[in-house]
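Spelled out from the first residue to the last, the chains are:
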Amino acid sequence: GDSVTQMEGPVTLSEEAFLTINCTYTATGYPSLFWYVQYPGEGLQLLLKATKADDKGSNKGFEATYRKETTSFHLEKGSVQVSDSAVYFCALSDYSGYSTLTFGKGTMLLVSP
Amino acid sequence: EAGVTQFPSHSVIEKGQTVTLRCDPISGHDNLYWYRRVMGKEIKFLLHFVKESKQDESGMPNNRFLAERTGGTYSTLKVQPAELEDSGVYFCASSQDRQGTTDTQYFGPGTRLTVL
Chain V
314 GDSVTQMEGP VTLSEEAFLT INCTYTATGY PSLFWYVQYP GEGLQLLLKA TKADDKGSNK
374 GFEATYRKET TSFHLEKGSV QVSDSAVYFC ALSDYSGYST LTFGKGTMLL VSP
Chain W
812 EAGVTQFPSH SVIEKGQTVT LRCDPISGHD NLYWYRRVMG KEIKFLLHFV KESKQDESGM
872 PNNRFLAERT GGTYSTLKVQ PAELEDSGVY FCASSQDRQG TTDTQYFGPG TRLTVL
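Residue numbers (our numbering), protein chains in the order written: chain V, 314 to 426; chain W, 812 to 927.
Please note that a few of the clues may not be correct.
Reference listing, derived: stretches of chain V covered by chain W, where coverage requires no fewer than 3 residues with Cβ under 8 Å from a Cβ of chain W [claimed, not checked]:
# : segment
1 : 355-367
2 : 413-426
Under the rule of at most 25 Å between Cα atoms (straight-line distance), these lysine to aspartate or glutamate pairs were calculated in the DMTMM-like manner [to be verified]:
# : chain 1 : residue 1 : chain 2 : residue 2
3 : V       : 418       : W       : 868
4 : V       : 381       : W       : 914
5 : V       : 369       : W       : 914
6 : V       : 362       : W       : 867
7 : W       : 865       : V       : 315
8 : V       : 418       : W       : 867
9 : W       : 852       : V       : 355
No lab work stands behind these hints: they were computed from the structure.
Cβ coordinates follow ideal geometry from the N, Cα and C atoms, glycine included.
Please take these sequences and the hints and turn them into a complete structure.
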């Protein structure tokens, strides 16, 4: 079955540091890939997505590139802020009619001033 | 436009009791999904409605869980009787999701269920 593996957290960084959160996946066919973010006390929000190989999703300074050859979708940001502290979830939709999501376990990011 | 709303935000019940969670999707979204995150684990799919019909309920853990979406608007998820392992955060999501597309799912804030 489909699965998503992302790096264990928490990831602790100082403000303005570079961020990478690794995500790899296993799926049949050609899934769409997503990063969702959950800020403290809030629901999940879509951060970015990519629907085909080599696509780059980007939003709020975050980027991720759909790499089919390595089945990866790593999340990066060049300079994190305290306000980026949240839990980040990598997910895929192995489209077979409707877009049910398969999630990773989530990675908590803590950014200190 | 209002987002997906869920009620209650928290629920603490004793083992053997019944709890009903409610989800109001974004107006006009035919597709409604329920997911659950047990502590420290992945967010897992429970079921999917298209309007009032259950499209896929392959993720429902057992027959103690009953989901309904009468009239194709809001949905309820009832757990009866609740067990300790049912504790977790229950998320609802909705999308326009026409078949053949990968429309974005919009999530609610979740209901945190604690079974003692």
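Verification of the hints:
1. Check on the segment 355-367 of chain V: 7 of its residues sit with their Cβ under 8 Å from a Cβ of chain W, so the three-residue criterion for coverage holds.
2. Chain W is given as covering the segment 413-426 of chain V, and this holds because 7 residues of the stretch bring a CB closer than 8 Å to a CB of that chain, at least three being needed.
3. Straight-line distance between C-alpha atoms of residue 418 of chain V and residue 868 of chain W comes to about 21 Å, which keeps the hinted pair within the 25 Å bound.
4. Under the criterion of a C-alpha separation no larger than 25 Å, the hint pairing residue 381 of chain V with residue 914 of chain W is consistent with the structure, at around 21 Å.
5. Taken as a hint, the residue 369 of chain V and residue 914 of chain W pair is honoured in the structure, with Cα atoms around 17 Å apart against an allowance of 25 Å.
6. Simply put, residue 362 of chain V and residue 867 of chain W have alpha-carbon atoms about 24 Å apart, close enough for the 25 Å limit, and the pair holds.
7. Our distance criterion of 25 Å between C-alpha atoms is met by residue 865 of chain W and residue 315 of chain V, whose separation comes to about 22 Å.
8. At most 25 Å may separate the alpha-carbon atoms for a hinted pair to count; residue 418 of chain V and residue 867 of chain W meet this at roughly 22 Å.
9. Pair hint residue 852 of chain W plus residue 355 of chain V holds up; C-alpha atoms about 18 Å apart against a cutoff of 25 Å.
Hint violations for this structure: none, all hints satisfied.
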